[in-house]
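Visitor: Sequence:
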Amino acid sequence: MGMKKPLLTIYDGPEKTDPVLAETSPLNYTMSQRSTITLPPGAATNPGTAPLVINLKYEYSLKTIVFSFTLAVPPPPSRKGDPPQEEAFEWRSTFGDEVKHLTGGSVFSSGWKLVRLWGPENRSGAAGPGFASDGKEIVAVMARSMSASMTKSALFAFMGTGLTGQMGAQWELVALASAIQMWWAWTTGTASST
Numbered sequence: 003m004g005m006k007k008p009l010l011t012i013y014d015g016p017e018k019t020d021p022v023l024a025e026t027s028p029l030n031y032t033m034s035q036r037s038t039i040t041l042p043p044g045a046a047t048n049p050g051t052a053p054l055v056i057n058l059k060y061e062y063s064l065k066t067i068v069f070s071f072t073l074a075v076p077p078p079p080s081r082k083g084d085p086p087q088e089e090a091f092e093w094r095s096t097f098g099d100e101v102k103h104l105t106g107g108s109v110f111s112s113g114w115k116l117v118r119l120w121g122p123e124n125r126s127g128a129a130g131p132g133f134a135s136d137g138k139e140i141v142a143v144m145a146r147s148m149s150a151s152m153t154k155s156a157l158f159a160f161m162g163t164g165l166t167g168q169m170g171a172q173w174e175l176v177a178l179a180s181a182i183q184m185w186w187a188w189t190t191g192t193a194s195s196t
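Heads up: the sequence shown runs through residues 3 to 196, numbered per this note's numbering.
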């Protein structure tokens with residue numbers, strides 16, 4: 003798939019001999035801080051003849067960490083038949099209610115929320131359950147587990163439109179792969195914790 007050694011490989015089954023659904027590249031430690039998620043051609047999530055490569059951009063400041071990507075997603079059911087549209091998504095660090103709900107209500111919970119930046123479900127300036135403080139819809143959440151277990155170090159869930167399947171299997175796979183890539187960067191110290 004063009005990468006010498008992927009950081010993560012997701013298979014379409016429990017065995018390494020099962021078809022590859024996606025691979026992520028390690029974070030590129032340059033000023034651009036980029037990684038890629040590649041869906042191979044012919045996979046269940048990429049029926050095309052060429053690999054689908056999604057760029058995952060990483061930005062950080064003293065206040066926040068953001069991982070972002072763009073991907074074409076199917077139109078909402080009200081516009082069935084329209085072509086897929088490119089949309090932008092970003093993972094934002096959070097201590098919000100969505101993370102607390104995922105971890106069972108722990109006040110010490112922290113994690114990330116995946117925000118849909120251009121989607122039709124956004125309510126400008128409206129905060130509340132399922133929406134970020136800027137009114138953008140939260141479509142997935144990932145929490146750092148409070149468990150000491152090495153096999154249960156993070157929790158992940160789709161939310162809102164992300165939970166309905168409306169954005170398609172490609173989006174679901176990219177959302178999950180980007181969450182794991184982000185978690186890995188945080189766990190290994192390549193992303194600062196806020």
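Warning: the hint list may mix true and false statements.
To be verified - Here are the simulated BS3-like pairs of lysine-lysine, each with C-alpha atoms no more than 30 angstroms apart in a straight line:
| id | residue 1 | residue 2 |
| --- | --- | --- |
| 1 | Lys18 | Lys59 |
| 2 | Lys18 | Lys82 |
| 3 | Lys59 | Lys7 |
| 4 | Lys154 | Lys7 |
Stated by the list, open to error - So the derived label-pair ranges between C-beta atoms look like this:
| id | residue 1 | residue 2 | range |
| --- | --- | --- | --- |
| 5 | Tyr62 | Lys154 | 40 to 48 angstroms |
| 6 | Thr51 | Asp20 | 26 to 34 angstroms |
| 7 | Thr51 | Pro85 | 12 to 20 angstroms |
The hints are simulated quantities; they were obtained by calculation from the structure and are not laboratory data.
Being a predicted model, the structure only gives us computed values, none of them experimental.
Just so you know, even glycine gets a beta-carbon here, dropped at the ideal spot from N, CA and C.
Visitor: Which numbered hints does this structure break?
Guide: 2, 5, 6
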